[in-house]
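*Asks:* Numbering (this note's numbering), first residue to last: 925 to 1027.
Among the hints, a few may not be true.
Claimed, not checked - Here are the simulated distance ranges between beta carbons:
1) D956 - R930: 16 to 24 angstroms
2) L949 - A997: 27 to 35 angstroms
3) D989 - W948: 16 to 24 angstroms
4) A997 - V975: 16 to 24 angstroms
5) T995 - G941: 30 to 38 angstroms
Derived from the structure by calculation, the hints contain no laboratory data.
Just so you know, even glycine gets a beta-carbon here, dropped at the ideal spot from N, CA and C.
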Amino acid sequence: MTAQKRHEWYRTTGRAGRWVIPDWLRVGEVYDGVHLTAAGYLSAATTEIPVDDDCASVIAGWAPDETYWFTDAARIVADDVRLWVSESNGERLDWVEDDQPPA
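Work the whole structure out from these sequences, hints included.
*Replies:* See the structure below:
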């Protein structure tokens, strides 16, 4: 990646050095997708992200609040399931976490 983007990323961050990108194939072996929150984007855009003493990366090619999926179907982990219900408070509908465990 260094030869392709070094100049562009140097102009953006001011950092001269070795650049790397994630190994998305390996990431996809473990995760269904990767999501970049708007807050994460705003705090890290145009900045170098240190990887180790020699290498850094940047958020490149991402939009705020964007998800890249590595699979056609997300896996559900039973421990992570939370049920949300719509509840009217008289004026509007609110989404609240249900206190009943999923069946």
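*Asks:* Indicate, hint by hint, whether the structure satisfies it.
*Replies:* Evaluated hints:
1. D956 - R930: 16 to 24 angstroms: 32 angstroms, violated
2. L949 - A997: 27 to 35 angstroms: Given range 27 to 35 angstroms: violated, Cβ gap about 18 angstroms.
3. D989 - W948: 16 to 24 angstroms: Once the Cβ atoms are compared, 19 angstroms apart, the range 16 to 24 angstroms for W948 and D989 holds.
4. A997 - V975: 16 to 24 angstroms: 31 angstroms, violated
5. T995 - G941: 30 to 38 angstroms: 34 angstroms, holds
Taken one by one, the earlier hints fail for this structure at numbers 1, 2 and 4, listed in ascending order.
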